[in-house]
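2 protein chains.
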Amino acid sequence: MNARKGPSTIRAALIQQRYYGSKKSTIEATLRHIDEAARQGARLVILQELHQSEYFCQCEDPAFFDYAADFEADVVFWGNVAARYGVVLVTSLFEERAPGLYHNTAVVFERDSTVAGRYRKMHIPDDPGFYEKFYFTPGDLGFEPIDTSVGRLGVLVCWDQWYPEAARIMALKGAQVLIYPTAIGYLECPKDRRDKLCEEENTPQERRKMLEAWIAVQRGHAVANGVPVLTVNRIGTEWDPSGMLGGIRFWGHSFAFGPQGETLAMGAEEEETLLVDLDLDAGETVRKIWPFLRDRRIESYKCLLERYCDGTGLKPF
Amino acid sequence: MNARKGPSTIRAALIQQRYYGSKKSTIEATLRHIDEAARQGARLVILQELHQSEYFCQCEDPAFFDYAADFEADVVFWGNVAARYGVVLVTSLFEERAPGLYHNTAVVFERDSTVAGRYRKMHIPDDPGFYEKFYFTPGDLGFEPIDTSVGRLGVLVCWDQWYPEAARIMALKGAQVLIYPTAIGYLECPKDRRDKLCEEENTPQERRKMLEAWIAVQRGHAVANGVPVLTVNRIGTEWDPSGMLGGIRFWGHSFAFGPQGETLAMGAEEEETLLVDLDLDAGETVRKIWPFLRDRRIESYKCLLERYCDGTGLKPF
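First to last, the sequence lines map onto chains A and B.
Sequence positions in the first sequence follow this note's numbering and run 3 to 319.
Sequence positions in the second sequence follow this note's numbering and run 3 to 319.
Any given hint could be a false lead.
Below, a list of computed lysine-lysine pairs in the BS3-like style, where the Cα atoms sit at most 25 Å apart [said to hold, decoys possible]:
#1 K290/B x K198/A
#2 K175/B x K304/B
#3 K290/A x K25/B
#4 K211/B x K198/B
#5 K193/B x K211/B
#6 K211/A x K193/A
#7 K290/A x K175/A
#8 K25/A x K175/A
#9 K175/B x K290/B
#10 K211/A x K198/B
#11 K135/B x K304/A
#12 K26/B x K290/A
#13 K175/B x K25/B
#14 K198/A x K25/A
#15 K198/B x K175/A
#16 K290/B x K135/A
#17 K304/B x K304/A
#18 K304/A x K25/B
#19 K193/B x K211/A
#20 K198/A x K211/A
#21 K290/B x K290/A
#22 K304/B x K135/A
Okay, the calculated beta carbon distance ranges per label pair [as the list claims (entries may be wrong)]:
#23 R210/B x K193/A: 43 to 51 Å
#24 W241/A x R309/B: 34 to 42 Å
#25 N82/A x L295/B: 56 to 64 Å
#26 L295/B x K26/A: 35 to 43 Å
#27 R296/A x R210/B: 21 to 29 Å
#28 R296/A x D63/B: 41 to 49 Å
#29 M268/B x D279/A: 28 to 36 Å
Chain A side only, calculated, beta carbon under 7 Å to chain B, not exhaustive [said to hold, decoys possible]:
#30 G222
#31 R251
#32 Y303
Please keep in mind that the hints were generated in silico from the structure rather than gathered at the bench.
Note that the structure is predicted; figures quoted are calculated from it, not measured.
Just so it is clear, CB atoms sit at the ideal spot from N, CA and C, and this is done for glycine as well.
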């Protein structure tokens, strides 16, 4: 019916893993997981955010920019991986674009090793332990889905997942699925000093609340847009190299929701690959009875293009 | 600190009820519930969508427009109710604006009986059993929060709840809470004829999926915007007056979520009043550590003002 569409049902693999202490050993583990997933029929493989390295944004250290120097070589490497296993592959890499100009970039590879498209993370976080504004320039490619042989993929990255705008724009541009490589977890309290605030913020109840909020907002994107959502998060505790903070315990819980927000897969906090059989046309059926796109009041949404609708800001256009 | 803010913590009452067969007896039940809620300290009372009558949009019958003729009298009546019980009251009324021009209108009353503001439903549904486009002209007041003595209320109505845009705009205009009077339920299958499609769509699994999707998308609004969400739905089975359809079993499950999507109250499928102690400043605290509003990429959101971003539509502005 439509050239941009791939087969209706595909098997996707969400590879949730820990950092193994070096790029080499981490990639070796990733390749073992991809190999196993491909053997089990996966045709779309999604890796977590910045999957080649530790999550280095726990502190602001210029030395980490060296990681981005290998970007072009990384692109060649992962393209070859996609071809070797015959999968469409969603990677998350540290891109050096020019000296002093870096992006958090998802590169999507076709199964013949070619680059299907790239997405530069648009929303950049900055909060204790997640100092991404130091490392990453906000993306300038906008929210553009990436066409592949398995379908039109709405690839976003981590912090984007809190923004209904990003999800909606991808849907309005025809994305058949939303995909979020992610690195999120609980802040560990420093062991060598009492930190009452940290301990209060890390009760089991507070941790549960954060985890559930993170799941809830993305489940909402699935429902509001009638598209499946696939999110891959890392696991394992990683220490802050600077020793200032207590480290991050990445909470795993990668998941897949269908186009009505129905749970297709939900991970735990352990290294695992979630295999999901995904009907990329299911959203089309859902939208016929839940036709939310039909009734949008676009003439009344201008406020969405403002920073805050209090009349004090200059209009952006 | 800020004149528009009311007390930080208020008790809200979400009155979930059935239709009693007539406007008079239905209102009598509503008043009993308000009286009880006020005695228990409620200072904000929220009624369900079109709470004075049956949900008449199950069929398209011009006779139902007569219900709207009493709009001005209804406004006086509910203003007096607000004053009698000393509560800020969110009502949902059928507004006749001119012959042939009607709105589904939420009117909010101050506790001195005055009208604090009104909201005319912006997104109008139309699907089997919910023929609202026949009755209601889409609102022309936009998404404007309503200032009251208990806080700035982001009042929306039912179908609006599926639209992240509406929730976001209310938040960007300073709403401290989102409020949705609602009428939603399962379509019952006609008893006198076999309808395979209807039965397939109404398995317990399908019903659960719909209910959970409805909850999920609104919970997402709470998280994405750092505001509580209060939703009041009706219960009870109401038959289609035309006999064409099998009727609607309204699913209740009124709820309250806090600004991180944490569950504050969740109703069942029975007549009940949910009392919720709501900290309207909690969202401010949450936003300091989850500062989603800080990082919006407003210069890249233009697609949100288009019907579909395929380049075929005229730009609205």
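Task: Hints the structure fails to honour - done: 3, 8, 10, 12, 13, 14, 15, 18, 19, 21, 24, 25, 28 and 31
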